[in-house]
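S.K.: One letter stands for each residue in the lines below.
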Amino acid sequence: MVGFIVRRFIAMLLTLLAVSIVAFAIIQLPPGDFLTSYIAQLASTGDQVDPRVIENLRAQYGLGEPFYVQYWKWITGVVQGNFGHSFEWKRPVWELIWGRIGNSILLEGLAVIVMWFVALPIGIYAAVRKYSLGDYLSTILGFIGLAVPNFLFALILMYLAYTWFGTTLGGLFSPEFEMARWSLPRVWDFLSHAWAPVLVLATAGTAELIRILRANLLDEMKKPYVVTARAKGLPEWKVILKYPVRLALNPLISTIGWLLPALVSGSVIVSVVMNLPTAGPMLLRSLTTQDMYLAGAIILLLSVLTVIGTLISDILLALIDPRIRYGAR
Amino acid sequence: MPQIPMAAEPILAIKNMSITFTSPDEADVEAVRQVDLTLTAGKTLALVGESGCGKSVTARAILRLLDKSALLPSGEILFNHGQGTVDIARLKPDSLAMRSIRGAEISMIFQEPMTSLSPVHTIGDQIDEVIVLHEGVSPKKARERTVHLLDQVGISGARERANAYPFELSGGLRQRAMIAMALACTPKLLIADEPTTALDVTTQAQILDLLRQLQDDFGMAMLFITHDLGVVAEIADEVAVMYLGDVVEQGDVYEVFRSPQHPYTQALMNSVPHLRRKADRQRLSPIKGTVPSPKDRPAGCAFTSRCPYVFEPCAGTRPAPTEVGAGHLARCHLLARTKMEALA
Ligand SMILES: Nc1ncnc2c1ncn2[C@@H]1O[C@H](COP(=O)(O)OP(=O)(O)OP(=O)(O)O)[C@@H](O)[C@H]1O
Ligand SMILES: [Mg+2]
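Protein sequence lines correspond, in order, to chains A and B.
Numbering-wise (our numbering), the first sequence opens with residue 3 and increments by one.
Numbering-wise (our numbering), the second sequence opens with residue 783 and increments by one.
Just chain A, with the same shape it has in the complex (with noise of 0.2 angstroms):
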């Protein structure tokens, strides 16, 4: 076991830095780079730029030289914590991203917290009473669950609630908040804030956990070894929840991974049309102003959360599989 995640921690070393190569080189893509739409930007409106400041920052970050020099400059200050200045806030990148990247892995983490508390007991009931009324309704509110786009769930919530309660859904934290250090009250603000975004967020996943928990599990509860289980004379829910269920779990468990990132990019418009302050919108800003520095940092952790959840991912399905467990010894 221990081998075993040795040899996926350096594997997964090794995918972080084919991942940054390409991040780097996504950034790099568009033609020019962002002191040139910098320099367009303050010419249009007639300031003049002072051609020294333009040279020092070009050398400063190996702006016009070939790519690895620019791409080792890069990561040799990531490794050191430096993910370098952000052009358009003129701020250290770091400093503006930590905050953001926090917010969305705790929105995202909850949000995949609520979406197996609610696939969880709906899918293993309508598997098991399959055709029957809840397994239709189950189905029912999936389809919507998944048809309809998140961002027009946050609308349609956010408008019920100021018609019905006449309170503003928006943001995570009282502006008496914003600032303040975590405390009892400063929780309690932010769940108060933070449940209309999780619903919002969890609704197809949830609904996508449904349809793939209730299709693994008819599949399982067809195999000999539940026949085994109910002619040893155990009620029929121990039957279901210790055997096939175990079973239907395994590959859901290896989701896990993927679902973190997926949330993250699939979150961005309900960001916005939310007004959270997580990383999504920040990522989508940095992309069209070509803040390469501040965009690559973001995809680079997104990556990062991808890479360890899928690490997570591998040591839960180990430690629940003997299969793998002993297959990969």
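Hints listed in this document are in silico derivations from the structure and should not be mistaken for laboratory results.
Since this is a predicted model, take the numbers as computed values, not measurements.
No false leads were slipped in.
Derived pair list, reagent style DSSO-like, types lysine-lysine, alpha-carbon separation capped at 30 angstroms:
#1 K1077(B) - K225(A)
#2 K244(A) - K132(A)
#3 K225(A) - K850(B)
#4 K240(A) - K923(B)
#5 K1077(B) - K132(A)
#6 K922(B) - K240(A)
#7 K132(A) - K850(B)
#8 K244(A) - K922(B)
#9 K224(A) - K244(A)
#10 K874(B) - K244(A)
#11 K224(A) - K874(B)
Anything over 10 angstroms on all C-beta distances counts as not near chain A; from chain B, calculated:
#12 A871
#13 A1061
#14 H1110
Even glycine gets a Cβ: it sits at the ideal position worked out from N, Cα and C.
Starting from the known structure of chain A, fit chain B with the ligands onto it as the hints suggest.
M.R.: Same frame as chain A, now just chain B with the ligands:
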């Protein structure tokens, strides 16, 4: 009913049982039409027949393990649990009464020892579970029993093997583990549904030996399902031959093999190869035609469409059992007629 001596009292008596599968968009299928079987302590009854004739369905009906779509519209399954009899056919499949019989008084082993055990639980866990469930002992005590059982079914290094997962064991060992699980609560009846079909010949022989020896030790009755007449000859005391949902002939294994009475049984015996010199070999005589589906079964004797001796009552009337020897019954109009003539 006349008083029968204790020793001969049957553990399980299936009387005129039928099993129908319903389906929302198709006509009902009567998979099993009439089955009468009697199982006695310490004896093995082999149930033989071609694929699809309803052997597994019959076996599962005894433990009420059939799908919800299966009905038992007629017949009784009388189980003698020592303090009287219950009719299993009238119990609800998930009722406490039924569950306390499963695994404790009647247990079952299956054909596929790989897929019949959970791949993600150790065999020890899976055996402990049934002991804890029915006897309420502590998991630790249960494990002691499990190790003893594994030892008894010939698994060496039982204590370590209890912590093994099914995929770490060979097919033969898995089937032994399966047997240990079935015998964990010393059941009165063991149902074995083709327990050796998936195994190679040598392992098959070892498992049969083991079952015979365990029957001597535990004294349980055994219902042994197979389509291999060689296996029947080796393990059974009595045999029941099924064709398309009907038990067509049953009796002492020696009796039935020596003088099969039903045309289907005769045909079945003729389709078994005997070891002969090449020059002396004859072509096997397989039964002509194929097994019809239960939907196309004649209203009368199920064998009508393939029987070489059909005459007029066969297609329309179901033959009643005729006693052709001591405890040797066959359902065939021919036999009924000969008997009538003999009496006349
Ligand atoms: N769940 C089910 N729904 C509908 N029909 C079924 C179902 N299970 C079994 N049957 C029908 O019952 C009949 C008997 O099946 P069964 O499995 O008992 O045969 P078998 O004698 O055990 O055959 P084999 O030797 O292949 O195991 C078959 O014709 C099959 O079509
Ligand atoms: Mg079968």
